[in-house]
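Use the sequences and the hints to build the structure in full.
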Amino acid sequence: MKRLYILALVCFIFGTCAFAQNNDLQLARQYAANGEQQKALDMYQKLFKQDNEVYFQAYLNVLVTFKKFDDAETITKKMLRKYPGSNSYIIALGNIYTQQGNTDKADAIYNDLIKNLPADQNAIQGIASQFYQNANADYAIKIFIQGRKILHNDAAFSFELISLYRYKRDKEGLTEEYLNFLPGNPAFISQAENTLAGVYEGPEDYDMLKTALLKRIQKDPQQVVYPNLLTWQYLQQKQFNMALNQSLALSRRLNDDGTDVFELCRTLVANEAYDDAIRGYEYIITKGSTNPNYIQAKTELINTKNLKVTSGRYIQADLLSLEQDYIGLLNEFGRNRSTVFAMQKLASLQAFKLHKLKDAQTLLETAITLQGVRPALMAACKLDLGDVYLLNNQPWDATLLYSQVEKDNPNTAIAQDAILRNAKMAYYTGDFNWARRQLDILKAATTQLIANDALNLSLLISDNLSADSSGNALKIYARADLLIFAGQTDKALVTLDSIDKKYPGNALEADILMAKARILIQQKAFADAVVILKKIAEQHAFDLWADDAVFMLGDIYETRLNDAPLAKTYYQKIITAYPGSLWINDARKRFRLLRGDKNDAS
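Counted the way mature numbering (1 follows the signal peptide of the UniProt record, and there is no 0) counts, the sequence shown spans residues -20 to -1, 1 to 582.
Hints in this document: simulated from the structure, not taken from any laboratory. Please read all numbers here as calculations on a predicted model, not as lab measurements. The beta carbon of each residue, even a glycine, is placed where N, CA and C say it ideally should be. Heads up, some of the hints might be wrong.
[To be verified] Here are the simulated lysine to aspartate or glutamate pairs, EDC-like style, with alpha carbons at most 20 Å apart:
1. Lys504 - Asp298
2. Lys471 - Asp508
3. Lys285 - Asp255
4. Lys199 - Glu252
5. Lys325 - Glu252
6. Lys122 - Asp134
7. Lys514 - Asp535
8. Lys47 - Asp84
9. Lys515 - Asp480
10. Lys482 - Asp470
11. Lys218 - Asp240
12. Lys148 - Asp92
13. Lys151 - Glu181
14. Lys569 - Asp543
15. Lys514 - Asp543
16. Lys504 - Asp535
[Said to hold, decoys possible] What follows is a set of in silico ranges between Cβ atoms, one per label pair, in the way DEER data are often shown:
17. Asn391 - Thr191: 54 to 60 Å
18. Glu181 - Asp236: 31 to 37 Å
19. Ser269 - Pro166: 27 to 33 Å
20. Lys387 - Arg575: 43 to 49 Å
This is the structure in structure tokens:
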């Protein structure tokens, strides 16, 4: 019983002391926070005397904060006498000298520590960690590099050094460390690319990487990771031809199936480097029909040619050559569920570029009868067939197909697309009230593009019916819109010009200008489109199309005319002048990217 009483008494005393010390520590922190220097120092000194080890760092920090360097040096040396050779106190002493500005003295201490590093990986990591915690990344790096020498292991501490070089934004050190690390750890190449992209700031940095890689490739030509990284470097520099050459050279050396080349070609297409992508796909095709990438390469080759032709200026011969490429593909592989995507592409080419509506209709009617086609692709084919029916003056057949797709895909973006096409068909044919009812359903569509199109078309109809209840001028404008949709731009322009002649003083001036601007953009006449869009933005600043015109100007200057400053001006105008625009989020994001904000996800 007596022993229990003594034990309880001891616990009570220690508990009371601990509680008192904790209160003193809180009080000391409060004094320091309030700038009451002497009170804080006295309280920390009291705590330090009670327990040197526990309160050393807190006391040292406040001494350094208040520039009491002599006192800081005294207590640190006291701890070193008590614990001779303790790395933490040695580093603390060096840090005091650094804070005083006595870097030579600090360096002498640190260099002596480096000379006497133990041949123990964990100990080396611990010492380097202490330097890092004292905001001394340079000596943490030196510790790791010396540690490698002592351990006779050049691969040791790679992750730590990569993190430190990244923290310091030491581009050269980070580059060299990754080039040392990747040959033994090729799975980390994507991580390396992302990290380097986040640290590099311009062409000079990528040129440094290229120089380092070329030296490594010359020294170790059998290493695969270096050529792959060099390909990535060329991509970052937009040197697409060089990127493909590098990838092809590696594929030929390895005599592989060209999978890496195929994946690179996808990236080239995304960057509109169509000629280089075509060359890559043609290389894969030369490997023969037994190659696992053969069918996909052949398909993507034609799709890329399609993009190249339709995204630039072209002549009829280009379109006819492309049509024969698709027909050749279908003849080789048949018209089946695996080639439905090609049937859809060919039908689109025939309907909207070659104006072979009968051929396009026959092809799509065959496609929608095939079994086993992916539902989304089947729906897309039906929607396209509905468009062809519309162009073929079969509006009833068109609306049946649109409605069928909507019914088969409830509450999806596909269904919303079907409703929009149905509404547009009613608009094209002059049934404005029915079109407006359908469009009102889509104002809250989940897809921004559909919601934007629906809102604009609904407002176009409402505004013009308010000005002219008969809608006669709007009917002519809708016919011109249909001609633009059909790719018959010359007829569309004549129709648009006829509106003012028949109905002078109509309310469609800005709408006609926007239609003409879209035709010019379709024809890749971007400079001419800019003139018209500026007219809308300046003379019709409060019109339906004003914010669209401003955003389109930003997009053209950014992506087509390579004038980032002007693009930024127009995106900023959306933000300041049209805060309620549906383009506000896109404009804000693009403005920030052009301004140089990195990793902006808003």
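Could you check the structure against the hints above and give me the numbers of any it violates, in ascending order?
-> As far as the earlier hints go, 4, 12 are violated by this structure, in ascending order.
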